[in-house]
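Undergrad: Each of the two chains sits in its own frame; use the hints to bring them together as a complex.
Top line first, the protein sequences correspond to chains A and B. Under my numbering, read the first sequence as residues 7 to 815, first letter to last. Under my numbering, read the second sequence as residues -15 to 45, first letter to last.
Think of the hints as simulated: they come from the structure by calculation, not from any bench. Everything numeric in this text was worked out from a predicted model, so none of it was measured.
Here are the simulated SDA-like cross-link-like pairs (lysine to any residue), alpha carbons at most 25 Å apart as the crow flies: (1) A:K216 x B:S(-5); (2) A:K120 x B:M25; (3) B:K11 x A:L231.
Here's the letter readout for the chains.
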Amino acid sequence: MIKALKTTTLCYHCGEECDGTEIHIEEKKFCCQGCKTVYEIINKVDLCEYYDLNENPGLKQNKTQRKDKFAFLDDELIRSKLIHFKDDKQSHIIFYLPQMHCSSCIWILENLSKIDPGIIKSQVNFLRKEVSLVFEHGKTSIRKIAELLTAIGYEPHISFNAISSEKVKKYDRSRIFKIGVSGFCFGNIMMLSFPEYFSFGQLEDPSLAKLFSYLNLGLSLPVFLYSASEFFISAWKGLKQKFLNIDAPIALAVLITFIRSVYEILTGTGPGYLDSMSGIVFFMLVGRFFQDKTYNTLTFNRDYTSYFPLGVTIINELGKEDQIPISKLKVGDRIKIFNQEIIPADAILFLGKAKIDYSFVTGESLPVEKSIGEIIYAGGRQTEGAIELEIVKEVSQSYLTQLWNNDNFKEGDPEKETSFIHKVSRYFTITLFTIALSSGIFWLLNDPSKVWDAVTAVLIVACPCALLLSATFTNGNMIRVLQNFGFYPKNANVLERIANANHIVFDKTGTLTLQQESNILFVGHKLNAVQEQLVRSLANQSNHPLSRAVVSILPFSKTLPVKSFSELKGKGVSGMINGTEVRLGSSEYTLGKNLGLPGSRVYVKIGDEISGHFEIRACYRSSLTNVIDLLKKKFSLSIISGDNETERSKLESIFGKRSQILFNRSPHDKLEYVKALQQNKKVIMIGDGLNDAGALKQSNVGIAVSDNINNFSPACDAILDGNSFEKLPALLNYCRKNKTIIIGSFILSILYNLIGLFYAVRGELEPVIAAILMPISSISIILFTTGLSTLYSIKLKNKTNNGNNSKSR
Amino acid sequence: MSAIFILIAASLIVALGFLAAFIWSVKSGQYDDDYTPSVRMLFDDNLKNNTPDKNNTKKQD
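So that you can see chain B by itself, here it is in the shape it has in the complex (with noise of 0.2 Å):
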């Protein structure tokens, strides 16, 4: 009987891991915007490179 009290012991311990883990991603503000960095994954990395001969190819197809 006592590998239960065990046992709830853990499952007990790795859900308020679960809990935790979700407060600090609330705290860290992943809630607060869930529209922007869907369109920000869509943009290219290229600045800092500094290529706009590229852009300017781009413009004129």
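The following block holds chain A by itself, in its conformation from the complex (with noise of 0.2 Å):
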């Protein structure tokens, strides 16, 4: 009915829908008037080719910020953490813009030069979302930068992070560094290494075999000494905390090789094995890149600093506010916090009303009222108006800010990170060892000379650098093939856990059903402009999808200001609205009793008067039968949802009678139920909200589901494209066949090193034998598992496109 009213006109500026057709520049109309604002400053300046690279390249502007958001960034003290390199004229500085998303944005941002002159150069990178400015500080200031970078719709993201660790950071290189010397060292080791090989230890000249191996010795020093590095410090760390990684046999491999070849080589007892050394070295930091070279755009972890405002607002003794940084916050401190910002220290309410929502520290989705006089912990959100604090605890000492150092939320707690190839490296650490004893008492036992050969070639050739490369290069190309299919892993670690799982359990608003689309209904009285207007002006302030759904079939109108705005999640929104209350919510909430009526009800109340109500019914993703149907099949599933009971019938339809379908379930009962079904499971818990947090932060495997994989997620160990939510049966299947492919290849590696031990045991590992073998099974290697996995991937795009078509038809 009332979808009928709405006009197909697009935003100019952000492509969204617009509607009404009073915001407009001549013939280009405007959702909202901060994509107008955005249009004109981009028009003044010349710079409208940026609507000509994409179609509506902007992002929605609809929220207003507040004018001294960057007062801050005039604090000398937080000036000087961002700013990297300043001299008298220029300074330059990096921000991070997480709204970058589009060829425009990089050519905008690359043409800032143009909007503010005090700019000197600004240079995109995209991939980071970060643009590095040179700019005049004579002429400009970071704070108008980062005010221009947020009036076209670039806020920069600030976090207490950038600015608390004493380094500006930088981007690593040493890796590549590494690769390039050893890559250098390997192959000129290798070619000063030839005649030796075709001569079988018998060169003619010997000051020329002996020049050849002193050559080779300066230049695997480089190799030991800076390349290998790091298998040396992770193999050490692993040690010092009694675990065996995979780094220690090869540091071990590595150290030998070295040890040995050294005293071939001044001995002049032969020619050491250096090019096998330098060679395994450089394939296996390829490996590492390869995998690790994911991407550095997502944001995983995001810990309590990311969401810490950079500065607050203080009020002095004179009455006067004011702006520091936080880490200047002292006890004894009067601060003012306004609404929508998250508390920074410990605190005693001191004015106003404090209405604070903990679910992103505690999971508790209810906002929880203080009174003055009342201790605010760090790390709750106001949401309702200012309040003026009191510090009690520094930053560094509050309740979250010790929680977080908590082990709990330490990265890589060693039950979820130990991986298959470590696990299994114990093993063959354990097997090398023995066999290297046991040759070196057989030798001992009758040719005592060989010991010393024996042993150390054990050593040498059973490296299990094949291990490690064939799982590096394996994760490494399966991520890049996932990554195409809109998931996104946080790490090779994650497809691992993927394999074992056998639960999962999904949320339901936002991940089975579709955040925009719903079927919206409007019962009751007919609102009028009005009255429309009223209702629209309130829930425009919400992000909660009920209230979004409603903005979105009401026709366009001006959103008015609303005086104490309060939203009480999981019941509704209300306000003051040019002096008349408006409620909007949950029957409880606004009728003040329940009626318990099916559907998901948005009843509103303008004044005293109950207009009626919008039904909203739940649209679900349109293929999540056919994905249920298949998830099925090889996992038991379940439903955890925080939401009413009116989709149950529908839900079980779906879902078969097996699986456990649970509603009214608040943020904590979902942590919990996945820890009870941890006990005898491995469970994926797949939501998409802060409410899910603690739930994905539990499960062994977190996927976040997000239309919009830049937007904020809660931390967790991967990210699901929602257009991509389909392909979900064919994505994790095919997670599983890694653990398939590091497994073949571990048996060809085994074969490689079986041969080599051949040798090794009988004290006649050759160098030309290893530096033939080396190669060939690290090549081959990586042939099989990227061959493999490339296979695979075949297999998946024809599985995820066959279920294309059979929707289509």
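TA: Now the structure itself:
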């Protein structure tokens, strides 16, 4: 009914539907004032090519910013932390702009100097979503630039992290250096070793052989001392924690190879195995590079500091407001916190009405009301108006900070992180030592002169580099494939955990259902234009899916200022507009009594009058039935939702009798549920919002579904693009192949090791055999793993394509 | 035989030259971003001439 009123005009700036036409410049329509402003800024300096490169490149600008939001950037201390280079005239700074999403963004950001002449140069790193700026600090300031960026729709994300560390974050180039150096040395050592290989140890000119081996020794030093250092460091770290990781046997092999080679060269008894040593170091570094080179753009591990404001408004003795960095906050300081800001340190409420949302800290979904004199812990978000607080603990000693420093939140908790290859490498190392020892004993009894040769050769040849290579290349390749399908695992380890999982827990809203699309009807007295504007203005203040849905069906109108706005999660929103109280929400919230009627309903109360309600029926993802049918075969499933029971029958028909479906669960219940399941199962949690954050963290694999992958998503192990939801079964299946491939290539590498060992235990490992075995085994394993994972990815592609076809038919 | 010594020295010097070039290229930031330059090169350089007319005509067709 109301739907028919919608026009299909798209905003020239952001491409969202404009409901009204009153905001326009010439023939260009805008959905809101914010978008229009951006266009005006861009148009004024002739940068409209922005709109030619991509259609509707902008992002919706309906948020109004507090005017002095960036005032803290005027603080000298913060400034000096952010600026990483400064001379008499220029300053260099890097901003992180999460909104960057297309080539138009690159274009506009690299032409910032047109808008602000104080900016000399701007350069974008798109993958990192960073822009590095050079500006004249006489002509412009960081604050001005930050405000300019915000004005054109790219609000810089300046986190506490960025300034709390002393060093300015730089690109880590050391891995590339290491690869380059080891590649260089490997190639040259190989070349200088060729005469040795072809003459089988008897060069015509001994002085030439000597020269070659000394050159090799010289060339191998950078490999041993520089390139291979990370293996030694990682192995040492592992050993210190009494954990034998895969780097330990590798470091041992490299070390033994080097010592034996040096010994042979210095005593003139042989040419050593430096070629093999630098070769494996080179290949393993390449493998690691390949595996880790995924994406710097998505943030998986946001900790509390990324949410903390940088600066805070402080009220001094004279009652004047001032901005200071939060690191300077002292006990006893009086601060002012505005709506939607986070409390940076434990404090006592001094003035104002505090309604604190702790969902992000504790998983508690309902905001807690605090009265004056009560203590408010850091990390809560004020949700109503401005309040004044008095600090009782410094930021670094706050409850939340301590909680986060607790072991549970530390990264790399061993249960979760111990990977299959580390486990295998443990057995591998034990077996290796047994073989080395027994061959040593054997030769001790038979021919003591060969003990040294045999034992070192065993350790050299049995280096598990092939195992490491197979894992790194398989993981790297698979992550890349998964990325193309809209699935972004945090790291390689996630693939393995997915492969081991056997239960999936779904969240409902936003995960199984679509956020934007739902069927909405208004039931009751038809709202007049004024009422519609009131309702829309109020709903516009909230990010709740239901509020967004209400906004989307009401015709566009100017958003009126809302006073004493409050949002109770799971209940509704209310506020005063032009002196009229407007309430939207559940029957309990608006009518004061629980009608218990089925259906997701948003009741509308304007003044004292109940006008009716919006009835919202969830719109499930179109592929849901298919996806669930496929998943049912391999996983046990359950749904846990914070919502009411209305959709139970529908979900039961899709999920079947054997799946557990739970409604009305709090974020904390979700976490507990996952924990209980983990007693005997490995759980994948698929959710989308902050209310799932706890469960996502608790689960073995937390997958966040997001319709815009650059948006906020809670801490998780993997991000799934909402559009790729239908591919989920195929993607999970693909992850399961990971282990198959690694085991396959592991067997292959064992075969090579056996051949090598055959020579080694007899004390006859010629350098040339090692030199042949090493590259052959490495290259064949790389081919094997990439080949196999590509093969599976083709299968994956076919599967997902078939899925699409059958759906379209 | 001495020719070989000279050749080896020469080849090592050449190789070291390449290594130095590589290190320079990494240091100058060429490996930091392997995506943005591919987009950047496609932009028109007509900004300095200030040709808003062209942009407008483009938009109309």
